[in-house]
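As they're listed, the protein sequences go chains A and B. At position 184 of the first sequence the residue is numbered 184 (the working numbering), and the sequence of numbers has no breaks. At position 344 of the second sequence the residue is numbered 344 (the working numbering), and the sequence of numbers has no breaks.
A few of these clues could be false.
Unchecked claim - Taking CB as the label site, the calculated pair distances span:
(1) A:82 to B:281: 51 to 57 Å
(2) B:398 to A:151: 14 to 20 Å
(3) B:183 to A:178: 30 to 36 Å
(4) B:464 to A:151: 44 to 50 Å
(5) A:82 to B:241: 29 to 35 Å
Simulated from the structure, these hints should not be mistaken for lab results. Computed from a predicted structure; not experimentally measured. By construction, the Cβ of each residue, glycine as well, lies at the ideal position given by its N, Cα and C atoms.
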Amino acid sequence: MWRYFGRKLFVYALTFFVAVTINWMIPRFMPGDPVRSMLARASVGDAEALESMRDYYSSLFGLDQPVWRQYLNFWGSLAQGDLGTSVWLFPAPVSEVIMGAVPYTLGLLIPAILLSWFAGNKFGAFAARGKWLDNTVLPVGYLLTATPYMWLGILLAWSLGIVAGIFPTAGAYGFALQPSWSWPFLASLLLHWFLPFLSLFLVAFGGWAIGMRNMIIYELEADYSNYLEALGAPRRLIRGYAFRNAMLPQLTGLALQLGTIVAGALLTEIVFSYPGLGNLILEALNNRDFFLLQGAFLFIVLGVLIANFVIDVLYVLVDPRIRMQMQGGTA
Amino acid sequence: MRNRMKPPAALLAIGLAATACTGEGGGGGGAGAYPRNETLYTTGTQWGPPANWNPIMNWTYATGTVGYAYETLFLYDPYADEYTPWLAESGDWTGEDTYELKLREGVEWTDGEPLTADDVVFTVELGQMDSVPYSSLWDWLDGAEAVDDHTVRFTFSDPRRQEWANWIYSNAIVPEHLWADRSEEEVSSGANEDPIGTGPYVYETHDEDRMVWAKNEDWWATEALGHEVRPDHIVDIVNSSNDVALGLLTQNDIDISNNFLPGVDQTIDGDPQISSYHPEPPYMLSANTAWLVMNMERAPMDDPEFRRALAHSIDMQRIVEGPYSNLVEPADPTGLLPAWEDFVDRSVVDEHGFSHDPDEARRLLEEAGYTDENGDGLVETPDGDPVDLTIIVPSGWTDWMEAIRIISESAQEVGIDLDAEFPDEAALQDARETGEFDMLINNERQLSNTPWTYYEYLFQLPVQERQTRTNFGRYENEEAWGLVQDLARTPVEDREGMQEIISELQEIHLTEMPVIPLWYNGLWSQVNNGTWTNWPSAAEDTPDHLPTTWRNYNQLGAILTLTEIEPAQ
Chain A
1 MWRYFGRKLF VYALTFFVAV TINWMIPRFM PGDPVRSMLA RASVGDAEAL
51 ESMRDYYSSL FGLDQPVWRQ YLNFWGSLAQ GDLGTSVWLF PAPVSEVIMG
101 AVPYTLGLLI PAILLSWFAG NKFGAFAARG KWLDNTVLPV GYLLTATPYM
151 WLGILLAWSL GIVAGIFPTA GAYGFALQPS WSWPFLASLL LHWFLPFLSL
201 FLVAFGGWAI GMRNMIIYEL EADYSNYLEA LGAPRRLIRG YAFRNAMLPQ
251 LTGLALQLGT IVAGALLTEI VFSYPGLGNL ILEALNNRDF FLLQGAFLFI
301 VLGVLIANFV IDVLYVLVDP RIRMQMQGGT A
Chain B
1 MRNRMKPPAA LLAIGLAATA CTGEGGGGGG AGAYPRNETL YTTGTQWGPP
51 ANWNPIMNWT YATGTVGYAY ETLFLYDPYA DEYTPWLAES GDWTGEDTYE
101 LKLREGVEWT DGEPLTADDV VFTVELGQMD SVPYSSLWDW LDGAEAVDDH
151 TVRFTFSDPR RQEWANWIYS NAIVPEHLWA DRSEEEVSSG ANEDPIGTGP
201 YVYETHDEDR MVWAKNEDWW ATEALGHEVR PDHIVDIVNS SNDVALGLLT
251 QNDIDISNNF LPGVDQTIDG DPQISSYHPE PPYMLSANTA WLVMNMERAP
301 MDDPEFRRAL AHSIDMQRIV EGPYSNLVEP ADPTGLLPAW EDFVDRSVVD
351 EHGFSHDPDE ARRLLEEAGY TDENGDGLVE TPDGDPVDLT IIVPSGWTDW
401 MEAIRIISES AQEVGIDLDA EFPDEAALQD ARETGEFDML INNERQLSNT
451 PWTYYEYLFQ LPVQERQTRT NFGRYENEEA WGLVQDLART PVEDREGMQE
501 IISELQEIHL TEMPVIPLWY NGLWSQVNNG TWTNWPSAAE DTPDHLPTTW
551 RNYNQLGAIL TLTEIEPAQ
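One chain only, chain B, in its complex shape (with noise of 0.2 Å):
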């Protein structure tokens, strides 16, 4: 019987045995396919085994399939607020109600055809079809030709300059001559195996748990505009748990991490080679905005001093300290990212703003009429109806979890009785849609090239029996939303004519609250400068890029950290 026990311990030794073999251990330690040192390994994108190339079915495609394979006609730094022509060479307003764009000469597909006109017109008029994305496109677009092999114009029934400008540098292009046969099934739901774009990679494999690009080496861009993106192969880790994805940044075999890990600030002042954008807190450049949703439709949130009184009880930075270590910032009260803060008009915030002023918020409740008359600590309505509230947040989501408790406390401390809930996420996103809810937090409207999304979130009308993305709290105001459409019609060069718009809407959303600002989530990136350096960082001498991998960040010229990162020494 001795004799027979044996098995456990010869893999024992054979796994000690292949240990000392391969020694280095590590993901991406070792001689293989992708040497360490020319390879760029990531995560923070993907979330499940890549499913499908294709740049219309923008929620789900493999990670860089819009930015390494298909391209975009401009790119948006949303920092220097700069359109950067990109498959475009220039594209201008030549009318009241048309746009013409030039497109660069020379750009191959990586099959060898060249990129046209046709194919610009092509891309735009698959919007036609009602599974695709941007279909609304065509509410206000009258149509697209092809005047000449570069040249594309555009006649528009409703020139939405801020919305297109937004379209032009969002959308990738297709090559017509192999797409123009596909059904709408395959345009709008084909996996779309071996993606054939314009961009500086190409598709080598994957697998469950990676996604494999292969550098292009005949990328239009190097010799147009001087840019080489360096690493030779990009490695992009599906994976579902920080614990892990954190486990790989420390140990060097991930280059750059996407994920949001609670905690990492002490990695990053603890170990030198692991760095963020900013050294200190918040360490994260700023990427959307946590707003306090309260539905309109229930009492007592239909009363804007209500409203006011709750806003001034929150303690952001109980928040901000407590489950995000300082990793997030406080929103501005306008709720306006960084990256907007020119808009920011300083004097409506001034007089409209609010602070964490439990004492401010007691005597708004008391001058609108919410006094405690049982005697519980608790206020009641006017009409002496007891308040009774609930916020929800998805179950799981610890750091919101944590951060509804706060509310919740804070709201409690001023005498409003705000329970904290946490449904399950499919739960939450029917309650939202349907409007069965008290309070939420949510943070659907990303960093982008104009605060009209933002605003777009806030006021759109009309209210609809299912809101599905915008306008939650089903807040209805004729005069705000009237001004998102102007905004939308304002060209983005007139700065002063949006100054303009921007002001009037903060007004409204400060004296009215529909969405209460909380804090600003981090585009959460840290990286590990063993393998590859110069990334982004506030620091003078790096470059400003956005240093992420995230989907849709490409176009806002993350695409472009790539060709300023370099070899560690």
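Next comes chain A alone, as it looks inside the complex (with noise of 0.2 Å):
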């Protein structure tokens, strides 16, 4: 049992590793400089002063050090929790400015990837049963995962924002409100979290709910399913075997969309103006600002990372296979 977790840490400590290094490097090689593109904004008309600008900027964020040193110097501050300090929005530190937009996209994502996940299993399963129910829910499923988050967000933004005026389309809660454990505030928290919510957990919904009604319909048809039946085995009891093998290849997928959803999140996040870790991404992106940019990716990295390792973990409760595996590993 601890070979099996030790080598699992072990390859995702080298994951992490790499993928951090590459996600340093990929910023230093698009053209640009980050410290003349946020000068450029500065209303400095003479040359030479803003030559001078640049020289001070460039070595308070170490950019006119050699790239090997940056290299270790970035693991360095790393190590301490340092990620640097914002280009963009300088000084703010980076550490700060993925911290204050974190919460409102987990608090989008999660429940969207796990509700999603959850109902679309369901539903499903549910639909494989029922003639009715399958044609139904066959082409809305395949409809809804077809589409592409940004555009079913601008739909309900204009439907049941803007023309039914039930929900706001921008912010992550009302512009007229301090935060504050009030039911006006959290009435408003709620409400601007609303749309976007919706538009993930709909396209979401679909892709599971397809899958598993694939899924189930394959298994009932496995030779033990058959055999299971032939020995007159109760209906009820078939179903949950078929469910609970058809649930692997769907606990895999969560963890895979644990890591895609983000880029799902960053549209969507724009379409309604919230305040999450994907409008920061665009906008480093737009303005090279390297620090923010690794910041949110490691943020991303060391989530899916994690996301994998507990459906490693579910897996051995899940899958008696594995379990026998890592017996046989100990033997």
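Using the hints, build the complex out of the two chains.
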């Protein structure tokens, strides 16, 4: 058992190292100079004055040092939990900027992913049973899962926000409010959260429902199901086994989804002007903000790795074959 | 299993219940800390979470840091061409090289300390740090001394009067008693949380997507000048999307949007509550000139005849009506903004000006020896080399992208092979600075107190390895640069002297054509009159200030807009 987790942990550590290194490299190989683009907005007429400002800020960010030195410095400060200073939101520390945005993104993503996974699986499994339900869920599911998050977001914002006027279309809470533990604030928070959540939820829901429906049908036609049926086992029991087997790929899918959905949230956040990580990543990219970009990706990499690790643990609980493997390993 | 399917349905119910509770839904609605009818909701300047309130960092401070919190010595009204004494009571050139400034008495910082001459001297002397944006001031300023509590005397080694007139309204004064102990790092790159200024608003709070200012009840100008800012609070909303801004505006969740909203002309025409400065095209005031910049170090752009021919080929009307749907105006051939109209020398324009005229463009090309030798419909240079040029603008700037497509088509029509390309913005910036381009569009200079800023952009010398702010086309003309420097030294009151120099500069510009003026970018501004009315407009009985919250525009009198708006009935 420990060997199993030990091996997994080693792979994760290696993945982390490589991902962070690539993440450090990419912005540095993009054209453009972050300090220059920052100072391009300064109203400085004199070229010499601008040059001296550039030198000053370059040394402030440590960008005047050789690349290998910058790389070492990066790991050094990372070890101390220091992600550097944002160029775009100068002089705010990157960690502070990210921590300000993360609650909004997680508040959107975690419920959207988990609820859509849960509801999608249930619904898909359910649909596999009834012809009538299957005929409606399948096309709707395909339609939903093929819809880009952003497009659905715009549709929702337009119909429920602008036309119907039920939901607000921008911000995380009413612009007239200050955060507090009061009902108006919490209600406003929920209200602003709902449309972006719904757009993420619906798209993911369609995908899960279709996947589960197909898996269940496949499992119900597998040899073991037929055998059980021939033995006269109750349908309920057969369904239970089919459901457990069909769950495995869905679990893997969940882990992958936790990683890739950030891209979906990015566009959703922009459509609803929701102040999460997605908005930050886009602006960081536009403004050549190396440090913020690195910080945001570091966060995502960590999130994906942790999610995968949790799924690995869950596998042990759900899939007896892995338990067998582990026992074989220790024996 | 049926029962377990409930969570999403339950959630939907909660969402709907929450809607029912607050009812008003929209951003500004509902009971909150900032009642709708006492608060001004704005958007359009703040492109990211507010991160600092440092007036020295003029490119990144939270909107309003200068104007709402910190103030300048003068305001300048570009349409009336008037300097309004603000923190200063008066300022005069008392000698060839000396300028004496009288400060207003009774002005206090929001912590209760009085504003004194020492604060002004201290602020000016901050420029001796290289990392402060106005450090070049000290190339021509000799010293500043406090004569008494409310008098400052400046002595100049090179009295550049136009430039000085620009400085005194562009830069905010900071309090010495709070800043004196700060290191260079804190001065030029500190966040300056809790800004203490003299202005009409004080810092209230901020979040990822908003900046909130609260009214300073003890603002000096209320007593001294009778100005009172009307909104109790200003909530400046951060947003990165034009669609969101338009949605908020039409729902009356924001009062003023200073975003460029393509197609907003239809909204203005269709919704009587939404208005802009002009009720018909171009709808907006003009804020800056977009130029076609040509690289003088590459053939055939180094030939003025070629540049003039290109200028004649461009169909500006198509650009104005197409990508801009009449939200902008074609530029005057001189490119001088409408606010500087008086400086345009019509006789020079009549003689050397240009307009869209493909036949004239073809004629000019042929006269200068650009002919189609190989019969492919495109001209070659007099040496017989093919002309194969590229014009670039940043990818994603949709209006500019559409504009250069039209420019490229116009050029093709007269036989110039010009292609449009859209590199990433940072790559373009790099190419622009190093001179690795054929042509591009740029609009670096804004509305200001003097066409000097405009001509400094066009003609600044010497050309350096990296051209960071001006003269991206690397045009070299000692005579023109000499004239620009003369202009810098001309007193702003000497209109005739200015006119004389500017006429000569116009003639050089139009005959040499280092850049081709294209159109005037608007001072994008659209307001919803649902909560606040009496916004500045072209109409007779409304204020004439600039209806904007843009950075560096409060000093151009935009701050006075807030004293004139009135609650809607």
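Evaluated hints:
1. For the pair residue 82 of chain A and residue 281 of chain B, the supplied restraint of 51 to 57 Å holds, since their beta-carbon distance comes to about 53 Å.
2. Between residue 398 of chain B and residue 151 of chain A the beta carbon distance is about 18 Å. The supplied range of 14 to 20 Å therefore holds.
3. Judged by the Cβ atoms, the range 30 to 36 Å given for residue 183 of chain B and residue 178 of chain A holds: they are separated by roughly 33 Å.
4. Under the hint 44 to 50 Å, the C-beta atoms of residue 464 of chain B and residue 151 of chain A, about 47 Å apart, fit the expected range.
5. The hinted window of 29 to 35 Å between residue 82 of chain A and residue 241 of chain B holds, with their beta carbons roughly 32 Å apart.
Comparing the model with each earlier hint shows no violations; every hint is respected.
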